[in-house]
Structures are given as structure tokens and as C-alpha cells.
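S.K.: Take a look at the letters that make up each chain.
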Amino acid sequence: MKILKLTIIITFLYNNLNICKDNMNIVEQNLNKFNLTLPQVSIPVANYVPFVQTDKLIFISGQLPMENGKLKYAGKVDKDISLEDAKLAAQLCALNILAQVKTCVGSFDKIKRCIKLTGFVNAPEGFAAHPQIINGASDLLVNLLGEKGKHARAAVGASSLPLNAAVEIEAIFEIE
Amino acid sequence: MKILKLTIIITFLYNNLNICKDNMNIVEQNLNKFNLTLPQVSIPVANYVPFVQTDKLIFISGQLPMENGKLKYAGKVDKDISLEDAKLAAQLCALNILAQVKTCVGSFDKIKRCIKLTGFVNAPEGFAAHPQIINGASDLLVNLLGEKGKHARAAVGASSLPLNAAVEIEAIFEIE
Amino acid sequence: MKILKLTIIITFLYNNLNICKDNMNIVEQNLNKFNLTLPQVSIPVANYVPFVQTDKLIFISGQLPMENGKLKYAGKVDKDISLEDAKLAAQLCALNILAQVKTCVGSFDKIKRCIKLTGFVNAPEGFAAHPQIINGASDLLVNLLGEKGKHARAAVGASSLPLNAAVEIEAIFEIE
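Protein chains in written order, with my numbering: chain A, 1 to 176; chain B, 1001 to 1176; chain C, 2001 to 2176.
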């Protein structure tokens, strides 16, 4: 009888630890599923920090589409760079945001949700498709984080962006 | 003596319940006073949500001047669209913001205050009257919410905006 | 024995009050060190307020490079105004932000930290040096506030700004 109880407890613990392990890795699993890797976190070239945590909110500095320390997508959208590439630029900004969040809190399973994105598109006058571009970031967050990835958002046009980047995105996250 | 006390208590409760009722409706009363109606809330066309609440803060996604599901004010301010119409566009953005707040919390009397507006004006180079345009939103909030409507604000020029909208405004509200 | 205890307590209090006094004045001391003075706080010309405090966060309205109630740096950066002057414009925006923070909380020693800056640069198409310009503000905050001055940041280009200002910066601060 005691052995049975012990077996049940051990099985219970084993299953739950497994669930925990699965939960902890779901974002990494999803990254693999979509053939994506987190970029190395970009170190700000200027006198500011990549994120600031206050209580349960994390403010992430505006992220550019950087990969291996280099800007991957530059120029004015729909002129120097296609809509498809601009959407990939937004996706890469979001990957950089996630890399910063992970650096800040250590593990993706501490994310309660993504609160807000503000997406700036390096766009010419009369451009109107900002939402489609910034969807590159929003879709990624929902694909990777599920319900926790659903955020409030503003998407606007910028006359120019740092390093002539095609897109810049800043974010606010809430942690558990 | 007991009856007198009871009468006082009942009168007190009745008056206060009335005050409560009046408070609940003051924003709706003000909407009527200014001949305004809340637009139907716009459903985001993209993979994000119109608002996210975290603790007592509500982050409202950037709202365009939409009415009955259609963009009412498009184009570059002071070129395609007059300053007066641009101010009405800002007012309509604010009405959409209030409609989202109401959808989020159910009743206007749960609003503690409007914390912050960020107003983006689709403006040509050298344009300088952003404050007057965004006043269309700020005046509305103060007219409808009184002291609770007074907010911090930034107003800036955007080279372009989603759907070629004349104005886009995002907001942060605090609830009780 | 009692006198010894009393002396220790008085010495302890005296030293700590001194430490307090030093802390209270360190930002003012740094302002003097860098030959800077806080500008008079600008009163918003429109129907909004210069700051809103919610719990421990203060949202500061977008500040322009104002001195003695007048705009000091106008025009498009790298066209009408040099990069050096634009950086000074960003510094002046940050001084206006600090003046608003002080008006809000009374003393600089209540600042826990600067959470976030959003810097808008009145920049022509293809401009890429926004970080260097907004460093005028970031460097100032770190020079004056030390570790407490380190913030998250976004820097973007605006097609135009209120009063044709060269720079506009908004901020979020956390207080103790």
C-alpha cells in the first residue's frame, strides 16, 4: 500500500516536472518549429540600456533588424526595400526584442504577456501598409507565445530611422 | 426618534445612489450635450488586440479616425485635408479610444483618469501646428471626463500613417 | 555610559542627516559642475498637463528645447541646424524633462530612476544619426543622475515637430 502511494507520488511528480520542462521550452520549441534563432542581443551604441524593469513591467528599447551585430534590412520601405523584406525586418526586430526579454528575466516562462508594441516604419509619404509590415512582428509573437503574445499596438511612419533601418520596434512586456 | 434616524439614513442612501447613478452617466450625458456618439469599436485588421490591461493601466492600440468601420479623414494635413478637419479627425480618434476603454471596463465610471496620449499627425515637412490638431482629442477628453480627462501628451509628425489616415492616437488610461 | 550612548546617537544622526543633505543636492551639484541650469517649466499651450503620476510612475509630456519660454532650436537637423546644435537641443529637452520631474515630486532625491525616453528628431529622409542626437539627452541624464539616469530608449525620425522644433523628447520616470 505504501509502495503504491509512493509510486503514485513519484509518477505525479515526474509528469508535472515534465509539464514544467515542456512549458519552459515551448518558446524555444516554437523557434525551432519556425526555423528561427534568437539573435545575439544588441548592445546599445549610446548611453542607454536595452531594457528597464520596473515592478512587473519591462520596457524594451527600440530594436532594429540586427543579426550578428549587423543591420540586415536598411532603406525606405516600398522604394529601397520590398514589403516582403520589410515584414521580415519587423520579424527580426521582434526576435531581438525576445532576446532582450530573455536576457532580462532569464527564461521565457516568466513572461506573463506582451503588453504593447510601437512599430516605426521607414516609409515614404503616402505609404499606407504599415499594419502589414508590423504584422511581421505581431505574427511572430503570437506564433511563439500564443495568447501571451497578443498585444496592443501602434504602427506609424517615420521619415527616417537610426542607421537607416527599415523598421524599429519598441515593446513593453509584463512578467509573472 | 428611531423613525427620524431611519428617514435620514434612507434619504442619505437615496441621494447617494442618485449621485452614483448621475456619475455613471455623466460621460454619456456629455456625449449627448456635444452631439457626439461613440463609434463602433474598430476590430484590428492585424494580429494584435485593441487594448491590454495590466493591473490598473489600460494600453489602447493606436486608433485611426474610423466611423462605422470606415476611415473618415485621410491624407496629409494642410495639403490634402484642412486643419479644421484634421482636428475633427483627432476628435474621432479620441472617440474611438473611449469606445475601446468602455469595451474594456464596461462603464465609464471605472475610469480613474487618462494618463497619456501620443498623437501622430500625417504632416508635411515644416508643419508646426501639431498641438492644435491633437487638441481635437485633448479637448474632447477634458469636455467629457472633466479633471479625469487631463493627460500627459506628445504630439509629433509622421511621414505616413496606416490607411493614409490624417491622424493616429494611442492612449494609456488608469482605472479605479 | 548614558552620555556616551547619547553622543553616539547624535553623531549617527548628524552624519546621516549630512548624507541626506548631500544626496538631495547631488543633481543640483552636477548641474553646477556642468554649468547647466534648469529651465523654467514650460506650461502646455494646449489642453493637457506636463506630467501625470500614477502610483510610482511619472509620465512626462513631450518636451521641446525651450529656454525662458522660447524655442531655442528649430528646423530640420543636418539641413537647417547642425548635428552639434541638435544634440544641444536634445540636452535642453532633457533639462526641461528634469524641471518637470522636480515640479512633480519636489526634490530630485525622490527619483528612483529614469525608465524610458522616446526621442523624436526632426530629420530629413535618409538621416541615420538619431542615436548621436538623442545622446545629448541620455548623456545628460547619466551625468546628472548616475546609475539612476540609465534608461531604455527609442530614437526615431519625425517628418515635422510642434513649433518646427529640432527635437522632442518624452519620458517615463519612477519615483521612490
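Be aware that one or more of the hints could be misleading.
Stated by the list, open to error - Only some residues are given here: those of chain A computed to face chain C with a beta carbon under 8 Å:
1. 43
2. 46
3. 48
4. 51
5. 76
6. 81
7. 82
8. 158
9. 164
Claimed, not checked - Away from chain A, derived, C-beta distances all over 10 Å, residues of chain C:
10. 2026
11. 2031
12. 2124
If you are wondering where the hints come from, they were derived from the structure by calculation, not from laboratory data. Just so it is clear, the structure is predicted and the values come from calculations on it, not from any experiment. Think of the CB as a built atom: it goes at the ideal place given N, C-alpha and C, for glycine as much as any other residue.
S.K.: Tell me if residue 51(A) is really an interface residue toward chain C, meaning its C-beta lies closer than 8 Å to one of theirs.
M.R.: holds, 6 Å
S.K.: Does residue 43(A) pass the interface check with chain C, least Cβ-Cβ distance below 8 Å?
M.R.: With a closest approach of 12 Å, the residue 43(A) hint is violated.
S.K.: Given a cut of 8 Å on the nearest C-beta pair, is the interface hint for residue 46(A) held or broken against chain C?
M.R.: holds, 5 Å
S.K.: Less than 8 Å between beta-carbons is the criterion; does residue 82(A) satisfy it with respect to chain C?
M.R.: Given a least distance of 18 Å, the restraint on residue 82(A) is violated.
S.K.: With a cut-off of 8 Å on the beta carbons, see whether residue 164(A) makes it to chain C.
M.R.: holds, 4 Å
S.K.: Can we keep the residue 48(A) interface hint, with Cβ of chain C closer than 8 Å?
M.R.: holds, 4 Å
S.K.: Any Cβ of chain A at or closer than 10 Å to residue 2124(C), or is the non-interface label fine?
M.R.: violated, 7 Å
S.K.: Could you let me know if the closest chain A CB is still more than 10 Å away from the CB of residue 2026(C)?
M.R.: holds, 18 Å
S.K.: Grab the minimum beta-carbon distance between residue 2031(C) and chain A and tell me whether it stays above 10 Å.
M.R.: holds, 18 Å
S.K.: Would you check whether residue 158(A) satisfies its interface hint, that is, whether its CB is within less than 8 Å of any CB in chain C?
M.R.: Holds, about 5 Å.
S.K.: Hint residue 81(A) vs chain C: min CB-CB distance below 8 Å?
M.R.: For residue 81(A), the interface hint is violated, since the closest Cβ of chain C sits about 13 Å away, which is over 8 Å.
S.K.: For the hint on residue 76(A), does the least C-beta distance to chain C fall short of 8 Å?
M.R.: holds, 7 Å
The structure shown violates the earlier hints numbered 1, 6, 7 and 12.
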